[in-house]
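Participant: If you read the sequences in order, they're chains A and B. For the record, in the first sequence the residue sitting at position 22 is 22 according to our numbering, with numbers rising by one throughout. If you want our numbering, it's the 1-based position in the second sequence plus 1000.
The set of hints was computed from the structure by calculation and includes no laboratory data. Misleading hints may appear alongside valid ones.
Stated by the list, open to error - Ranges of calculated distance between the beta carbons of each label pair, as one might list FRET restraints:
hint, chain 1, residue 1, chain 2, residue 2, range
1, B, E1095, A, G106, 26 to 34 Å
2, A, I122, B, I1036, 43 to 51 Å
3, B, E1092, A, K94, 15 to 23 Å
What the hints assert, rightly or not - Below, in silico cross-link-like pairs of lysine-lysine (DSSO-like), each with a Cα-Cα straight-line distance of 30 Å or less:
hint, chain 1, residue 1, chain 2, residue 2
4, A, K131, B, K1130
5, B, K1084, B, K1044
6, B, K1084, A, K52
7, A, K131, B, K1044
8, A, K112, B, K1141
9, A, K67, A, K51
10, B, K1040, A, K26
11, A, K137, B, K1084
What the hints assert, rightly or not - Not close to chain B: a few residues of chain A, all C-beta gaps over 10 Å, as computed:
hint, residue
12, N83
13, Y99
14, M101
15, D103
16, K112
The beta-carbon is built from N, C-alpha and C at its ideal position, and this holds for glycine as well.
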Amino acid sequence: MIRKLVLVLFVAFACTLWAADSDTEKAAVIKVIEDAYLNGVNNIGDPEAMKKGFHEDFSLKGIIDGKLVVLTISEWIEIVTKNRAEGKYPPELKTRFEYPMVDITGNTAVVKINNFRGDKQIFTDYLLLLKFPDGWKITDKIFIRH
Amino acid sequence: MKKRLIVLSFLIFSGLFYGLSCAQKDNISIDINAEINPEKEAIKKTIVNAYINGIFNKGDASLVKKGCHPDSNVLILAQGNLIKTPAYSYVERLEKNPGPLRAGTTYEFTDIHVTGYAGLAIVEIFQEDKHIYTDYISLYKFDDGWKMVAKVFYSHPQN
């Protein structure tokens, strides 16, 4: 009886650890996105925060007139820096992210973002992330404007 | 002692129940995705033709070309560094030296999301009955159909 109990206890404990571990990773992934992207790009305009959370080889892929257009992270940082110099921060309407999907397997993650300005959804983003020795970094983004 | 045992059992069962409900949630999301959605079917077809068959099972450059955008890349995490490999490097390789990279590769789509012309697929890759990779593939729909534009993957440790 006691042996069985110990076994069940062990399984339950392992389950709890597993759940806690995946929650920690999920929180870490979301923190990187909020620091570097939500605040770094949209709400604060912080090039340093962008450099921290986006990998230097990150690419932002979009579709313009049916063609794929790629923006590098240094080009995106340039835009944010320019906007900052022009006094465009803080923006009139704050950006808010919802995360309908966060999927993590080991050192690999994908996140779907419902991207709102005020209460209107402007974009849906799909981000790919990898976990490096110094933490999660955003490596790729595709999006659609609503 | 008896009371403690009851409390302990309660905790254990609520833990187990939580675990089970997590597992069930996963199943439900798979069921939702199992509903026939033409865009999701088209995404599956692109991935199976250009990646699973184009690279692994047939090794045919023309299949890879059809389903991968020329600017598509595979983001490989190797010893803590990012290696950004153009998907078209496989095209060049297969044009010179056609043939399956790994015949008998099988797959399972665990999740597909579509928002307008943007899509994301989670695919499990199996070779010799072993779970080798979990792939996260992003896609855009162009005038001539869905094409992969980026991929990251997790390499499952093998004993």
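Participant: Take the hints in turn and mark each one as holding or not.
Facilitator: Evaluated hints:
Checked against the hint of 26 to 34 Å, the pair B/E1095 and A/G106 passes, with Cβ atoms roughly 33 Å apart. For the pair A/I122 and B/I1036, the beta carbons lie near 30 Å from each other, so the given range of 43 to 51 Å is not met. Remark: the range hint 15 to 23 Å for B/E1092 to A/K94 is contradicted by a beta-carbon distance near 46 Å. The hinted pair formed by A/K131 and B/K1130 meets the criterion: a straight-line CA distance of about 24 Å does not exceed 30 Å.
Simply put, B/K1084 and B/K1044 have alpha-carbon atoms about 24 Å apart, close enough for the 30 Å limit, and the pair holds. At roughly 19 Å between alpha-carbon atoms, B/K1084 and A/K52 fall within 30 Å of each other, so this suggested pair holds. For the hint pairing A/K131 with B/K1044, the CA-to-CA distance comes to about 27 Å; that is within 30 Å, so the pair holds. Restraint check: the Cα-Cα separation between A/K112 and B/K1141 comes to about 17 Å, which is no more than 30 Å; the hinted pair holds.
Taken as a hint, the A/K67 and A/K51 pair is honoured in the structure, with Cα atoms around 27 Å apart against an allowance of 30 Å. Our distance criterion of 30 Å between C-alpha atoms is met by B/K1040 and A/K26, whose separation comes to about 26 Å. Proximity of A/K137 to B/K1084 is assessed by CA-CA distance (about 14 Å); at most 30 Å being required, the pair is judged to hold. The beta carbon of A/N83 sits about 25 Å from the closest Cβ of chain B, which is more than 10 Å, so the claim that it is off the interface holds.
Distance check for A/Y99 against chain B: the nearest CB is about 12 Å away, which clears 10 Å, and the non-interface claim stands. Against chain B, the non-interface label of A/M101 is violated: not every CB pair exceeds 10 Å, the least being about 6 Å. Not every Cβ of chain B is farther than 10 Å from the Cβ of A/D103; the closest lies at roughly 6 Å, contradicting the non-interface assignment. Remark: the non-interface label on A/K112 conflicts with the geometry, its nearest Cβ contact in chain B lying 6 Å away (cut-off 10 Å).
Against the hints set out earlier in the document, violations occur for numbers 2, 3, 14, 15, 16.
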